[in-house]
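Protein sequences, first through last, are from chains A and F. When the letters of the first sequence are read in order and numbered with our numbering, they come out as residues 112 to 486. When the letters of the second sequence are read in order and numbered with our numbering, they come out as residues 112 to 486.
Note: identical chains are not told apart, hence a pair may lie in one copy or across any two.
Below are the DMTMM-like pairs computed for lysine to aspartate or glutamate, each with C-alpha atoms no more than 25 Å apart in a straight line:
(1) Lys485 - Glu113
(2) Lys217 - Asp127
(3) Lys165 - Glu216
(4) Lys462 - Glu113
(5) Lys171 - Glu216
(6) Lys217 - Asp154
(7) Lys157 - Asp219
(8) Lys186 - Glu216
(9) Lys186 - Asp476
(10) Lys402 - Glu273
(11) Lys194 - Asp219
(12) Lys165 - Glu358
(13) Lys171 - Glu367
(14) Lys186 - Asp219
(15) Lys157 - Glu215
(16) Lys485 - Asp200
(17) Lys158 - Glu216
(18) Lys462 - Asp200
(19) Lys421 - Glu336
The hints are simulated quantities; they were obtained by calculation from the structure and are not laboratory data.
Protein chains: 2
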Amino acid sequence: MEKMCVAGLMSGTSLDGIDAVLVEIEPDLSCRFLDGISFDYSDEMKKRIEELFKPMISPKFLCEMNFLIGEYFAKAVNLLIKKTGVKPDLIGSHGVTFYHNPTEEKFDNFPLNSTMQIGEGAVIAERTGITTVHDFRPADMAAGGQGAPLVPFADKIFFYDENIPRVILNLGGIANVTILSKACETFAFDAGPANMLIDGAMKKFFNLPFDKDGKIARSGKTNQELLNRLMQTQYLNIMPPKSTGRELFGENFLNEILKSTDDTKENIIATLTEFTVKSVRDAFNKFIYPKTKVKELIIGGGGAYNIYMKELFGREFEPTTIIKTHEDFGISNKYKEAMAFALLAYTSYYKIPNNIKTATGAVKDIVLGKIIMKG
Amino acid sequence: MEKMCVAGLMSGTSLDGIDAVLVEIEPDLSCRFLDGISFDYSDEMKKRIEELFKPMISPKFLCEMNFLIGEYFAKAVNLLIKKTGVKPDLIGSHGVTFYHNPTEEKFDNFPLNSTMQIGEGAVIAERTGITTVHDFRPADMAAGGQGAPLVPFADKIFFYDENIPRVILNLGGIANVTILSKACETFAFDAGPANMLIDGAMKKFFNLPFDKDGKIARSGKTNQELLNRLMQTQYLNIMPPKSTGRELFGENFLNEILKSTDDTKENIIATLTEFTVKSVRDAFNKFIYPKTKVKELIIGGGGAYNIYMKELFGREFEPTTIIKTHEDFGISNKYKEAMAFALLAYTSYYKIPNNIKTATGAVKDIVLGKIIMKG
Chain A
112 MEKMCVAGLM SGTSLDGIDA VLVEIEPDLS CRFLDGISFD YSDEMKKRIE ELFKPMISPK
172 FLCEMNFLIG EYFAKAVNLL IKKTGVKPDL IGSHGVTFYH NPTEEKFDNF PLNSTMQIGE
232 GAVIAERTGI TTVHDFRPAD MAAGGQGAPL VPFADKIFFY DENIPRVILN LGGIANVTIL
292 SKACETFAFD AGPANMLIDG AMKKFFNLPF DKDGKIARSG KTNQELLNRL MQTQYLNIMP
352 PKSTGRELFG ENFLNEILKS TDDTKENIIA TLTEFTVKSV RDAFNKFIYP KTKVKELIIG
412 GGGAYNIYMK ELFGREFEPT TIIKTHEDFG ISNKYKEAMA FALLAYTSYY KIPNNIKTAT
472 GAVKDIVLGK IIMKG
Chain F
112 MEKMCVAGLM SGTSLDGIDA VLVEIEPDLS CRFLDGISFD YSDEMKKRIE ELFKPMISPK
172 FLCEMNFLIG EYFAKAVNLL IKKTGVKPDL IGSHGVTFYH NPTEEKFDNF PLNSTMQIGE
232 GAVIAERTGI TTVHDFRPAD MAAGGQGAPL VPFADKIFFY DENIPRVILN LGGIANVTIL
292 SKACETFAFD AGPANMLIDG AMKKFFNLPF DKDGKIARSG KTNQELLNRL MQTQYLNIMP
352 PKSTGRELFG ENFLNEILKS TDDTKENIIA TLTEFTVKSV RDAFNKFIYP KTKVKELIIG
412 GGGAYNIYMK ELFGREFEPT TIIKTHEDFG ISNKYKEAMA FALLAYTSYY KIPNNIKTAT
472 GAVKDIVLGK IIMKG
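So here's chain A without its partners, still in its complex pose (with noise of 0.2 Å):
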């Protein structure tokens, strides 16, 4: 094994944009960050990316769109290239998730468990002429996981401490928590929904992407009705580990609350806000407090930036668990995951094994990833 300079692409479930990292990773996994670009994908790509969730889907539109979206990965790739002026030796790719499905159906004695990732490596590859990792969840998935989540694996490498028992909470479209304690396994699951849900409801109601630092969940109040329907979804009594998205926590279940209400915008707003605390709480209660105490919980992703959520936490956790960022470990929260994949890639390329079986419920160790040889 060689020190490598990666570079790692995430596309998150926000579908803004791409985020693009170059990593400095040693033989013994150790990270340094060296740069990130953000990349946003242009207007009429956006809605072409909004195109791929419709039910139904052309062949022709779908397998263009795969093309097409490696093309923009690869741009950003290429721009990381020039801002650094440092050629990565490997590039790690998620790509943009199409369709996650982690089910119980069979056919035929076959289970049919799957999970699609676009944005096509080969395309990368070529356009970079850099090797290239990528569509890590499918190893898993195969190996009786839920293809997710596959950032712990990371986390456990960014945050691990033997001394003081950790969560890291990522605030994307889901709410992922992983588990980092002497006294259990490394473990993670998806609590619930996180920004999903509002950034839904800002969309339909205000036009907005997301509540800015959570300044219209601020300006209203919790509904309890809605809020303690909200907290019998059943996801939430499921025991991990497990996995959601798009699928439960999409335009439907959001379109279902919002005709149940007749509330005002901000109210329902604060209270969906409310629910993701509530519901990451919950986590803790049923799943992970049994396990481990937890002395710090390291908010992150796109909630981390909402000031009335990050409220919320601490209302709930501290002084027990206290609230802490990824920055003050060093480790940029904005481009935590690309750097994950990155670091994913790198372990692939050697045939490290890096799945978390805890997290994913994979019977074994995998090396996940498809490689795409260059140079």
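Following the hints, position chain F against chain A.
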């Protein structure tokens, strides 16, 4: 580079099942066929596969089918291992073509070329425990090629002889030729239709899948006027590299032919059979003989079993060009394509470029495929 035992997997355009072979490959790329099996899809699975080719598809169904076809591919390899007692070191899998469109269209200045083969490689690797290379077409397309044909790379290794200029003619739905001669670079193209029209007419006239041994054609007589008209088809004049398929020589083309004549069924089948032979001959005159003499014409694909068509080829080409079969070279006609994907996997694994630029039109030599590491 080390000698390896490699499994090759192919599921052809007829979509009835999977061909799986074991091939011993030496570092000089010489190949020895060890064994092969054909593994048919269940009737229900065949129906499901047909559903893949509707104009609109649900993401759930597509993604499930990607994983499910992977399960069938893995099962084919595991059956082959059971039969032979030999566990391969590597697997190469073509997959099932879900969509393939080499186009000139652009979006945002990016090409909208795209192709997708399904049959999840991560499932094949996991169920067999064997490193798997799959998804060979996108890399060539990313490099400006048509992503097809890929078999000429294997044809060159199987059949090239610097003293004997040869053409490999594959009579599948379409007639593809690969030209192997020291007088020119290896090139390949689709000459025109082969079984696609004949099989289509057999289905309509007799509800039979194909003209066994060419008996129906033999019982008829070529309609010279119709043949002359068919020979005017514009595609035959296009300069290679070129590829075609169902888009041009499918249902519509056949219906136009049938509308234009009131000749007997047998005479029409005879004429379509002769059209295949004459259009190949025409391609020799226009595109092959100007570049090289051809001493041997090696016929393969389903059409190699059409005795009448083979006789017509003999009449047209011999004695200048001698007609041979794959078996004359110790290559199984039935399993050649599966063998080709074993060879493509082996070369990809060792980073040997394995597209034929003059066949696909790519601007450079590329290592095709994506590697999923096991063991």
